[in-house]
Every structure is written in C-alpha cells, then in structure tokens.
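S.K.: The chain contents come next:
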Amino acid sequence: MNYKAGVCNFCGTGCGHILNVEGGAVNGVFALQGHPVSKGRLCVRGWHMHELLRDSQRIDSPMIKKNGRFEKAGYDEAISLVAKKLGEYKNPSSEIAFLASPRSSNEDGYLLMKLARSVFKTNNISLDSESGHRNSLNVLHRGTGMAGMLGSLEDIKKAEYILVIGTDLTRQNPIIGSEIHMAARAGSKVVTVGSKLTQIAKLSDVHLQLKPGSKKVFLAAVAKSLIEENLHDAEFIQKHTEGFDGFANSLGSLSHNDISSITGLGLEDIKTVARDLATAKTAMVFFTSGISGLDEDTVSYIYNLFVIAGKIGKEGCGVNPVTGICNLQGGYDMGLAPDLLTGFRPISDKSAAKSFSDAWGAGFPDEPGRGVYEMLADKSSGLKALVVVDHDESIVRQAEAIKKLDFVVYVGSFENPFAEYADVVIPSAAYVEYDGTYTSTDRRVQLSRKKTEPAEGVMPAWRIFTGIAEKASARWSYSSPADVMAEIAKLTPSYSGISYDRFSGVGGIQWPCDGRRPEGTRYFRVDDAASKIKLAGVTGSFKTMRPSGEYPWLLMVGKANHFWHQNNLMKRTFIPKREYNATLLLYPKGYVEISGDDAKKLQVRDRWPVNIVSQYGSMKVAVRVSDEVRSETAFVPYFIQDMITEFLLAHNELIIEQGEDAIIPIRIEKV
Amino acid sequence: MFLIKKSEVLKLAEELSKTYAVYGPVVEKESNQTFFVRPDSIGDIDLDAPIPSQPPKHTVFPQIERIFHYSYDKGAKRAEIIADFKPEPKALFGLRSCDLNGVQCLDRFFIGQEFTDDVYLEHRKKTFIVTNTCVKPFKQCFCVCTDSGPSAREGYDLNMTDLGDEYLVEAGSDRGKALAEKMGLKKAGSGHLEAKKAVVDGSISRFESIATDNKAWISRVMNRITTGFIKGEIWEYIGNQCFECGACTFVCPSCSCFNIEDVNRKDSSTDRLRSWDSCSFEGYTRMAGDHNPRKPVEDRRNKRFFCKLSYSQSKKYLRPGCVGCGRCQWVCPGDIGLPNVVTYIRREITSR
Amino acid sequence: MCEKGNCENTNRAVTIPEIATIDEIKDEIEDVKTFYLSFDDKKLDGSFRIKSGQFIMCTVFGAGEFAVSLPPSPENDRFHISVRKVGKVTDALHELTAGDKVGIRGPFGNGFPFDEIKGKNVVYVAGGIGLIPLRSSIVHVLQHREDFGRIILLYGARSPKDLMYEYMIEKWQKIDGFETFISIDNPVDGWKGEVGFVNQLIEKANVPAENTVAFVCGPPVMFNNVIRDLMARGLKDDSIISTLERHMKCGIGKCQHCAIGRTLVCTDGPVYTYRQIKTLGEQI
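Protein sequences appear in the order of chains A, B and C. Be aware that the first sequence starts at 1, since it is given in my numbering, and climbs by one per residue. Be aware that the second sequence starts at 1, since it is given in my numbering, and climbs by one per residue. Be aware that the third sequence starts at 1, since it is given in my numbering, and climbs by one per residue.
The following block holds chain A by itself, in its conformation from the complex (with noise of 0.2 Å):
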C-alpha cells in the first residue's frame, strides 16, 4: 500500500491527508475522508504537497564557513564546532540567541528549548510570530487559564451563529472557510467584519465594512449594546466570571455618535449582532492569528464580548483564534517563548522551573530572556551568536544586524537565502522524513509518521539537537521522537496522557489531555477553570488612525491570494508557484487596491501607476481597481519584496503595533 496517511503542514488547520509515496519519493497527495476536521478536503496549497516535497532544492551536506566560504563537512564536525563556540560565550543571557520555527514538530521545537535553556544557559528563545498569536494566548490564558482555541473546528456546525473577524478565512485556512460555509448552508447565521469584501464575506449572511481600524470600537459597541439591552448572559456572568463591572464600566465612554463615525455602521447593524449573538444558544467567533494577529486589545473585547453573551464554556461556543502555520500552536505549547515553559506556564513560576530543572538535572536562568527579533534590533543588546531553525526568508530583513554577529548557525531542510548568513549550515530532514506531532489551531496533537527515507546521512532536527547537547556534556538519551514526547508528556499537565501509542487511526488529540480528560478535551468547559473566568482588562481607549486633511486614505496592508509567508514554501511548488506568479505578471511591481469611484476621481485605470505617499514615506504602484475595497480605503498586499524593503520597512513600527489591523494614512497621486 503505497498511500500513507499523515497532516498536512501548511497552515494551522491540520488537514489529514495521505501522500502517495512510490519509490521513495512523495509522488501525489490525496485528501483523508475520516479526518475529523478536513473530511476529504484540501486547499490548493495542501493539494500540491506532493510538489513541495520533491522539491530538489534541498541542503544535502553540513556546511562550515571557511575565509569567507562554504565548505561541506560531517555532521560530527558541524555539531562539535557549534557545541564549542556556543559554550565559550560567558554571558550566554545576553549573548546567545535561539530562533525556533513555528513549523518544527513538537518534539523538535522542545529540544531546542531544552537545549538553549538546560545546555546553552540562555532564555533567549522565539518563535517569529511574537506577536498575533501570543496576544490572542494571553488573553485566553489569563481569562480561563487554556491558553488555546476555547471551541474546536469539529463544532464549527454546532455554532447558531458564527462572526468572523477581519482575516479572508477563504484564503487563509481556507477548509475552516469552507467549515463556516458548510454551516451557513446548513443555518447557522454568519456575519463577518472587515474593511475588504473577501470571499468569506461574500459567502455568509451578513459582512459588515466597517472603515479600517475600527474593529476594536466595533466590538465595544457590540457589548455596549449587548449591556444596554440588558441582553448579556447575567446568570453566567454572576455564576461563573468576574471583573464584569469594570468591563461594563469602561464601556460608557463610548458615545453613540463616536461609534458611528469610526466605524461607518449604524447603530442598528451592531444592535442586530448583539440581539443575534445573545439569542443564539451557541456561538463561536474566529479571528486571524498568525504573523500579524490582532493586537492585544483587540482580542480583550472579543473575548469579553463572548464572555458576557455567555458564548463560551459550552458545546458549539467558543473564541477561536486562528493560526497560520502549522505548528504555530504547538510552538508556543513547547515553551519557544523568553518568558515561557511548556504548556504556557511563565518562568517565573518557581515550581513549574523547579519540576524542569530537577527533570532535566540542570538549571537555567530564572529571569525571562528576550526576543530575537528585538534583540537585533536592539544595538546595545550584546548579542554574538544566533542559532535559526527552518526559516522563511523574512529574517533576511534583519541581514545587516545578522552580519555583525560573531557566530551564526542555520539548521534547515531547503536551501535558503538567510543560510548565507550562517557560519554553520546543518542540513535537517523534511517533515515526512522522521515521526513528529504537530498541534494545529484547535490544540489538535497530531502525529505525522515516517514516509520516506532522508537523503543519505540526512538528520532529523531531533537527532540534531541530540547531538549538540551530548558534545556539550549534557546526557540526552533519546532514540526517538516517542522518548520526546513522553518527556514533555511528563513536564506539561496539559500534554500528561499523550504519547506516541495513543495515536491510532486519524485526527489526533485535542490537549488538554490528562487524567481527567484521557481523550482529550474538544472545547473549553466552565469548570476547567481553576477559578472563576476573568474578564480581561482592556484599555478602554479608542484612538483610531483617522484620515486627515493632507493624508486622506486609509491604507490597510494585507494577504493577498495564494501568497502565504512569504512564500517560501510555495515557491517551490508549481502550480500555487504559478497562480502566484499570475498575480504578478499584471502587476510586477505590486498593486494598491481602490474602489472604482476612486478611481474615477484620480482619473487612473487598471494597472496605471500612483504615487502612494505617506508621512515616512512613498512608493509608485500600480492600481487595482476592485469592488472588495470602500471609498478612501486603500490595500496593498504585503507580498512582493520591494514593496516590503522600500515602504513598508518605513512604517515597520507602525505596522507592529497595529498588528493586522495596521493602517497607514496616505494619499494618493496619479502620475
């Protein structure tokens, strides 16, 4: 039987899939009918799989920088070299930096943490994603103490009504897309919220376009009305959560007039969705949490708002963020953070940092470390050595601060610009070379099992890892991923009943996973709880980016279709390769988006050159003129390298602290 059923590694949905492997090679990919979530479907991405994996482009030797150049080497060498220099820095704190990958497995991404923290000394570790999805944890965390998705995308039919939120769900996750659609053809009620008309927005009851920038008033306008009408859940609030009367406190500053303004709804369309989220017995929310989630208030008032309406706790309910790499979830479950251990728990808790440095027999700092990317921005961080895992080509970015550093390591399957950075290059094996879990979006831990055989003396991340630690001294003794697992198994309580014989037949398990809960926990119940829920604390300021006079436009900075993080992986295939490609042929240089009334007023057509002009700077790009755009509302998708070094670098600040939501005022010049 030459078709072996495995999870398909693109985004945070967790698709099951099963790869045609002839010969040693992945030679097709077919979609899993009995998987619990993707039931027999795929996306376009997850239906060229096949493509990516026999890709040739693969680093097939380690490498060694002699005078400048590469020189390949044994493994044994690479590693007793990264050993040695990694434990000659004396203030490895500030000094040694590790960058896990949201797409290593489980087993990967822990070691690597185990490794930088129990055998390097440093809390220096992070994933690239800093900033979406760890906000949407950690309010998650602080209010129910399960830093995941509170509903399961196996329940998506079981939602009344489902609000979608920003994120062209379609594009992006697109078989959580198609889940939602299902469940709108099947009367569940969906209404999304966004600036675009995307696709989803087009599939479901009700899109609200709401100006750009104003989801966060959107929401509180919501739990004001929610409040107003006396339609909040009271006996769930009263019974089961606290903090409700600061929360419903800081509502009042909102006026009816501001709301309208910022937003551009009125009232009467937000009324409608806080009498339809209040009558619906269940109710989900779902909203982007990848490279560029929403920021940390943002997702406080979602979840508020579903707290008060009584929307979570309970079968078919729950606040869902989504995630948009495939172990994005998992990295953050495998302590790849400054400040965390496995299973979310902080450092600073002396307990849980007791349990790993007895299980580990070796200590490690107990002040949180620092993110990379801050780090290098950071000139007086005092950063020398940087070890990267499976990048995407984003770091490169930050090339000039790489350069100055006295020691670079990359660890990583496919060839890959930044490995020019590196003085040691480690060739890694590709997913379906070796058994690795993977946690998608809705804390699913699923086990992708060998399928092919490495290149020849090809490693596995593991084993990678394995080695450097035993050349620095420490004793590891794993002969595989299983041995892994059930060490986190026996660090994380979330994790505590997983193991590699659990895992049979399709679909995984959903953590937490303990003795209480030996099968897993599809969603989040009120009395998993150690306490009451929390409502979250929020800013209670509405400042929004708003027009003015010089710069009138709102410009929202965006995915675009079949670009996907920076297409690193996609441009290894051929046929996502060219339906990407497609979109550049007509616009080579990029695009900005407006409304055809716009368009009309500039006097520029299709593909005509503009000036975009902000107050840090400008760029010239070509129009598009589309009908997923208002009035004075402008995109530009994030995509082409360019538009990212030229302009967007510019406003990089801008666009952090904004998360998705960034928005830049501009305006626009025809040339």
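What the hints contain is simulated information worked out from the structure, not anything from laboratory work. Glycine residues also receive a C-beta, built at the ideal position from the N, C-alpha and C atoms. Be careful, since some hints might not be right.
As the list claims (entries may be wrong) - Under the rule of at most 16 Å between Cα atoms (straight-line distance), these lysine to aspartate or glutamate pairs were calculated in the EDC-like manner:
(1) B/Lys316 <-> C/Asp268
(2) C/Lys33 <-> C/Glu194
(3) A/Lys157 <-> B/Asp335
(4) A/Lys39 <-> B/Glu30
Stated by the list, open to error - If you only want the chain C side, here are some residues facing chain B, beta carbon under 8 Å, derived:
(5) Ile19
(6) Lys101
(7) His257
Given chain A's structure and the hints, the job is docking chains B and C onto it.
M.R.: The following block gives chains B and C in isolation, referenced to the frame of chain A:
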C-alpha cells in the same frame, strides 16, 4: 459467461499478477479509506470495499510523472533527449462501472482525437480491465443519471457481478475469455444472467431519491449548458462558492487537464514533468506577457461544467464527461459539486 | 516532420522534441529577435512541411517550452521564428547565441487558407508584432502573385521603431501590385508614412468589399476596431480571418490550457474566421 466462487475470486487477480501490475480496491488501515492501488499482496484487494476515494485515473494518468528528460551542455552545444518512458502493463481489477466510463472518456480524449497522446497510450495500451458491478450505491453516487452504472456494459475484459455465493464473470474481449477459460471457470447459464439483472435492479432501486430524481434533469441541464441559456447570476453564485482548490478536477475520473514543467535537477539534467492541472485556477489560462482571457472565477467554473455537461464536449468522450461517481461532491470545500450545480440550474429553470 | 504531428515518416512520439540548431540570430525591434534554425537530423529538413498560420512548440533547454507562430513561407523560405521576450522561457531563448540548440515539436494547428482564396483580393491588417504570424501567408501569396487579385498590407505600430520586418516590407514593396499602407500612432520627425491607428488605413486603401478576404492580427483593441471598420465596409464575418494566441502546454489538444468555449486553439485553430470567433462563447 462464467462463474467463480466468491472465496476464489482473487485467484483471477493472482493469475493476472503473473503478467500485469495488478491494481485494485484496498482499504488503508489507519484511515479506513479505500484506494485503487497496487496491494502489498493480492489478498488485500477488497471487492466489497466502498467506491475508492480516488478514481483509478492515476493508474493511466499519474498525478505527476516524468515523460522524458534531457541534458544540455552549453559549452559543447550538445543536447541529448532521453525518452525512456516505459510504464509496465497493468491490470485494473475490481473497477467500478463509473470509473471504467471515466477511463473510456480518457481513452477517447487522449487517443481518439486528431493526435494520439503517446504518453497516455504507453500507460494504456496493455491494460487489462476487470469490472465489478455495484450491488448497492455508495454515498452521493448518481451513475443512474449519467448512464454509467451500476454495471458496466462495454469496455471491460471481464465484468464480475456478485450473485451471493459466487460471481458471474462476463467476458468482454477475447483475452478476457481466454483468461476465464485458462482458469477453468465454470460456464454460467441464462438463469445467472437473470440473477444479475435482479442484482442490478436492486442496486438501482437503492439510489437516493436525489439521484433518481435528477435523472431527467441532467439531460435538461446539458441542453442548457450547451446552448448557454443560463443566467450569469447562476454562475456568479456558483463562482462565489469556489475555493479554487482544484479538488473537483483531481478527483474526477474524466478530467484530464495537465501542466508541463521543466525541472532542473542537481545533476544538471532536466526532467520534463507532466502533472494534473485544473481549469479552476486563475493562472491556468494566463498567457506569458499578461492577458488572461478567462478571469473571473465564475468563468472558470462555467468552463469546467461545460466540459462535464455539454454536447460539444460529449462528442469527444462519446458520452457526457460526468460519470456520476459523486466524488466532486465529497471533496468540494464550497459545496458546489456537480450534483449541486445541476440542482441550482434546475432551480433556475423551474423558477422561470 | 509532417503536417500532422504524429509523424509517420520519423516514427517519433509527438510529445518528444526534435533537436535543432540556431544558425543565426537577428535583432528585430526592441525585445524581438529572429532565430534561424535547422534540424540536427538532416532527414527532417526535407520532410518538415508547414502551412502558413501553423505554430511549433519550442523547447529552450533548462527553461521550458512555449508555442510560437511560424513566419516562414511554406515554399522556398528559411526556417525561422521571431520571438518577443515576455516571460521566463522566452527570456532564456533571447540569452542564446548562434550554435545553441533548441527543441522543436510540430508544426501544429490548422493554418491559413491558401488554395481556397485564390482569385480573391487579399488584405492583411496587422498591428505591432501581429505581423509575425501573418508573414508566412504574405510571402506565400506574393510568391504566387498572379493567382490573386489586389494584395494589400495595412500595418500600424506605435512608432517607427516598433515596426516589425521593416527591411522586408521595403523589399516586398518592390513587388508589382503589392500595396502597402503603414502608419504610426503619433507623428515623429522624419516619418513619411501615415499617422494614426491602423483601422483608419482601411478607407485610405479603399479596401474592396467584394471577393475579398482579410487577415487580421494584433492587440485586442486594434483587433476590435479593425473588425468593426471592415464590417462597416461590407466584408462578411466569414471572410475576415485571424489567428488566436493562447497559453499552451502540449500543442496537440490534450492539456486543454488553450480551450476557448468549445474549441481548442491548438488543434481547431489557431486560425479562425471572425464568424467562428464570435460564437466561441468566451472572450478572446
């Protein structure tokens, strides 16, 4: 016409495996999903398994394959094309009738037109086909609407029908007959043919009402699609629900669009790969330079259904392109599998 | 090779290219070069027969394959292609030098009518590089000057430097009774020809409506204007003939990339009458 005991039916496959690479329905254990593949051992073939999740077209038209490779030495100006494409002869054992119709569509399209596709021909020319009558329909089957089942009528070497304790084995070709005789199969009589008819009638009676109900509608919809008398709004409604994943094409027994890529290998040779493609993709019709004649997604959906359900395309297949297997309905994230599209068009016709 | 792709006389598969050598490269207008080719298998030089209006699939080794129209006349002409840089594969072709090898499959497609239009007036209307696919027919018809009525070329380009085959047009103009009208979009110093869009030449040339066929090739806007004006002059939609360009992968009617409505450009076309084009059921 012959008979073979149920317990011995796989002996046919054993015999075929001496000459052919035998493919058949096999249930993958971890997922419990049926695939039409080469089994690890003939005993793994399960003739009672549900309709395979993927059509057997990959046996004659793989998802991705190298059709030749070449190398070019620019310094010496020497080009060498190595056409070493030689697939092994295959036997498709236990093929469902709809899927046989799919293979026949591919035959007529790849071989029966002005040009013969030599890659397809290589795969196909020695193929031995053994079909298996569906004694009951599976989820979302509607072959009764597209005249492609539940029992095969032509195009097989042997056709098997489960009569309870034994299979009726009908020979559709000389080599099929020769195999049956070589195996020493018992001759069947006219009573067995009647028994088969009862099995087929029983199967037909068990189709869901939506399938039987749609029977006449498929031809009316074909008429509409051929003449183009379908409102733009209908295509727009369908287009809005298209996720552009390509799944409908990949699981369709008769879809045959492909892409060609020249892929440079590390050893400086180049593979010319041919892989499945789909007309639902925006880049599919895009020409170098820019112009894309078929832009909005509803146009591209329109194109696919035109291909499945129009007289002009039927001329190439000598039957409708849709064989009623229902797989597109399983895999579609937008819930616009062909049966639903027929329903939407039908709704439009009746609302006038 | 033969006119039908499955070559009886070479016994080779239609999906496998023949190797040819680039004998000479000529720079035409900006981004366009002409490549003169000959087959390495000398037997093919005699058997490679084309019809005007057909195309070949050309492999640039290491880059890929593309479809390109054939400009040479079927009789007594050198085998060549004229190619504009428009993407990865054609860019790679432009990087090649004389002596380099390419792969050739074909010829494919139906081609322009020739015997059927003998005795008629023939009008060629081309815009920009739209002259390339018409060249074969123009040369062929001129080679048989006596078999045709009036022969007229109406050719327009953006500017003098965008005129394809200008040096050839000068040669053709010496042929008795070949009428040429050439225009550029905007006036420039030193230009002695016409100024304006090519459709405006129709009246200027006093194009006859009776017993006339028109071959039209050029960008979509020009195409639509020319068709409109020719029809207004009284030409019938079935005596206006064009050749369509489509994204193609196989050339033999299998990959379906070039499908327009119910037709496949590679095997049913690329040459269509305007009457056919109107009923393809899709934007062209």
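S.K.: Each hint needs a verdict: does it hold in this structure or not?
M.R.: Right, here's what the structure says about each hint:
A C-alpha spacing of about 13 Å is found between B/Lys316 and C/Asp268, which places the hinted pair at or below 16 Å, so the restraint holds. Of the supplied pair hints, the one linking C/Lys33 and C/Glu194 is violated, its CA atoms being roughly 26 Å apart against a limit of 16 Å. For a cut-off of 16 Å, the pair hint linking A/Lys157 to B/Asp335 stands: about 14 Å separates their Cα positions. Note on A/Lys39 and B/Glu30: the hinted pairing holds, with a Cα-Cα distance of about 15 Å set against a maximum of 16 Å.
A cut of 8 Å between beta carbons decides the hint on C/Ile19: the least distance to chain B is about 5 Å, and the hint holds. Hint on C/Lys101 holds. Least Cβ distance to chain B is approximately 4 Å, under the 8 Å limit. Interface restraint check for C/His257: the shortest CB-CB distance to chain B comes to about 6 Å, inside 8 Å, so the restraint holds.
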